[in-house]
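Protein chains: 2
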Amino acid sequence: MNNSKQYNVAVVGVTGAVGQRIIEMLEQIDFPVKQLIPLASKRSVGKTVDFKGESIQIKEALAEQFDDVDIAFFSAGGSVSKQLAPEAVKRGAVVIDNTSAYRMDDEVPLVVPEVNEQDILNHKGIIANPNCSTIQMVAALEPIRQKYGMKRIIVSTYQSVSGSGNQAMEELTHQSQAMLNNEEVFAEVLPVKSEKKHFPIAFNALPQIDVFDENHFTLEEMKMINETKKIMHDYELQVSATCVRLPFYYSHAESVYVEIEDDHISIDQFQGALKEAPGVVLQDDIHNQVYPTPLTAEGKTDVFVGRVRKDLDVSNGFHLWIVSDNLLKGAAWNSVQIAQSYIKLAK
Amino acid sequence: MNNSKQYNVAVVGVTGAVGQRIIEMLEQIDFPVKQLIPLASKRSVGKTVDFKGESIQIKEALAEQFDDVDIAFFSAGGSVSKQLAPEAVKRGAVVIDNTSAYRMDDEVPLVVPEVNEQDILNHKGIIANPNCSTIQMVAALEPIRQKYGMKRIIVSTYQSVSGSGNQAMEELTHQSQAMLNNEEVFAEVLPVKSEKKHFPIAFNALPQIDVFDENHFTLEEMKMINETKKIMHDYELQVSATCVRLPFYYSHAESVYVEIEDDHISIDQFQGALKEAPGVVLQDDIHNQVYPTPLTAEGKTDVFVGRVRKDLDVSNGFHLWIVSDNLLKGAAWNSVQIAQSYIKLAK
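Residue numbers (full-length UniProt numbering), protein chains in the order written: chain A, 1 to 347; chain B, 1 to 347.
Worth double-checking, as some hints may not be accurate.
A pair holds if it fits inside one copy or across any two, identical chains being indistinguishable in the list.
Computed cross-link-like contacts, PhoX-like style, restricted to lysine-lysine with a CA-CA straight-line distance of at most 25 Å [what the hints assert, rightly or not]:
1. 147 to 5
2. 197 to 275
3. 151 to 310
4. 34 to 90
5. 197 to 300
6. 347 to 193
7. 229 to 310
8. 52 to 196
9. 344 to 34
Source of the hints: derived by calculation from the structure; they are not laboratory data. Bear in mind the structure is a predicted one, so any value in this text is a computation, not a measurement.
Please take these sequences and the hints and turn them into a complete structure.
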């Protein structure tokens, strides 16, 4: 990294769950920030964010705020990104977009630095951060794919409410308290705020994340399917997903079945590839009940893998359990990593 | 059913979560009970159970209590079944065992009445009730298998704490309250009471149900694999399972991938087979957000199926979401159904 250069960094959607964590990550790794420009909607103007001991005023996210910005993180929803990301790019900023607005755009690289960092070189101003559930899965599976090839992925997810933002987290708290007190439970946010019906998430499981596609999959499931192929540059790879929202606050977990090319691989070899993988921590010791859980992964930037098993019938089939903090590696940390890679590659 | 005949019915483990519900089910369907004999461990002697407006004293589960028993339900753990079920059989009772003690015994039929009711005819005194997570899966999949053949099942479960009994339910309540109050959280029951380590289940997910086998699968996972083959009488069927405990009280949910023999089946045909299936209710309307959840299945005896999708790559692959109350169809209701089938077939 060019140690001398410093950057003007804008964070759009700074009051949201992801925006807050982008600020924390920038501070934690001492990212070379010359000036931090926290941006949000009009109603947050007047509030402040704390960054490196300074209290910085939040400004309204308007095109002219990007005039002197070098790097702009966007996590204020797809419509804001669609409207303002091109304005930021026009003014010379590189945009790292954490929404789904540009992910499947052929002109936009979709990046998990451990997997396809070099794709950043093709950017035309916007670099997209993948969906949270996709990031942790490809980070864990790419080292396997590189070493042993990969034909097929079938994933069932166990996703926390923070993936739906701060309101969903508050809803889980209110509903949990109400149910424990035998009071009436109200649902207004989950499974999808804009949908007609809402269901309780407290002490429940909702097999709907995002709205439904005509093919009966949800858009969350289609994101995992399409983004995985794009990030891995492998459109022959068979991917299928079932996405489920669950009553915990942070981290997504995934039960993953993969079929690799090589059909003579042992559990030890499979685990070995994971042990060497950047950003991946193997937590897999059945004799000592060692495996990752949402609570143990919370607040950490790594992707944790456990429960590695060889399928009992299919010689090239493996099962594994992948857990990571969806707001960190699944969002804020991966975005900041993209910024680091961008700086490194721009040297 | 022989309407005139009435039966002396013992329930062993009557104070447990399943035992309580066996009593409720017997009452609810007006099972032909001449005398109810509620049995439990010594420390419950003196307590009573309510049955059809009567308050009946609980007696200690000892061999001599089975002297006049016709049907004995066992749900007091494997060791009690191993010790006392043969005593009950010796005294002329037929045992319907809800533990894992005899399930894989070649001499013992393992029965889900909608799937393999006729197996009851081979009993030698003991009929086994399968594991909760197995029952709801085979009830939903057998009609598909009958109609379209079946090659392969890959399941990831979302299992409630009541599968671990009343103590696990209390633990979820205490931990949830503690976490909401920012108090210290204690774990003493889950994932497995007898294991060395215990982890919080509140606002978490534990990828361990029962202890580990040397093949890295848990015994819960192996139950689903082995029991499914035995119930379906199909040892060529490929089955794999990942079992996860989650913070809700009742119902298990399952994300299931199946490969059928026939590769020209539409979603409509697949749903059609489920609509006709006994004990199965299709809740699958994506345009109106209709799908089963643990809370909506709670207290109901049916198996609910939704989220039916055709795999996007594999023409004979389907995904579905199966939910049922683990204490009812997964335990008490299936046991009472076995008793009904036994009476019907004994005519």
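Original post:
When no copy is specified for residue 147 and residue 5, does a C-alpha distance of 25 Å or less occur within a copy, between copies, both, or neither?
Top reply: neither (37 Å within a copy, 67 Å between copies)
Original post:
Using 25 Å as the alpha-carbon threshold, which applies to residue 52 and residue 196: within, between, both, or neither?
Top reply: The answer is neither: 43 Å in one copy and 43 Å across copies each exceed 25 Å.
Subject >> Copy assignment of residue 229 with residue 310, given that the CA separation must stay at most 25 Å >> reply: both (24 Å within a copy, 19 Å between copies)
Original post:
How would you classify residue 197 and residue 300 at a CA-CA limit of 25 Å: within, between, both, or neither?
Top reply: between (34 Å within a copy, 22 Å between copies)
**OP:** Could you place residue 344 and residue 34 in one of the four classes (within, between, both, neither) given a Cα distance threshold of 25 Å?
**Re:** within (17 Å within a copy, 81 Å between copies)
Subject >> Copy assignment of residue 197 with residue 275, given that the CA separation must stay at most 25 Å >> reply: Close across copies (24 Å), not inside one copy (44 Å); limit 25 Å.
**OP:** Please work out whether the CA atoms of residue 34 and residue 90 approach to 25 Å or closer within one copy, between two copies, in both situations, or in neither?
**Re:** within (21 Å within a copy, 84 Å between copies)
Original post:
Can you tell me if residue 151 and residue 310 fall within 25 Å by alpha carbon in one copy, between copies, both or neither?
Top reply: So residue 151 and residue 310 pass the 25 Å test inside a copy (15 Å) and across (18 Å) alike.
Subject >> Intra/inter-copy verdict for residue 347 and residue 193 if alpha-carbon distance must be at most 25 Å >> reply: Classified as neither; 43 Å inside a copy, 56 Å across copies.
Violation of the numbered hints given earlier is confined to hints 1, 6, 8; the remaining hints are satisfied by the structure.
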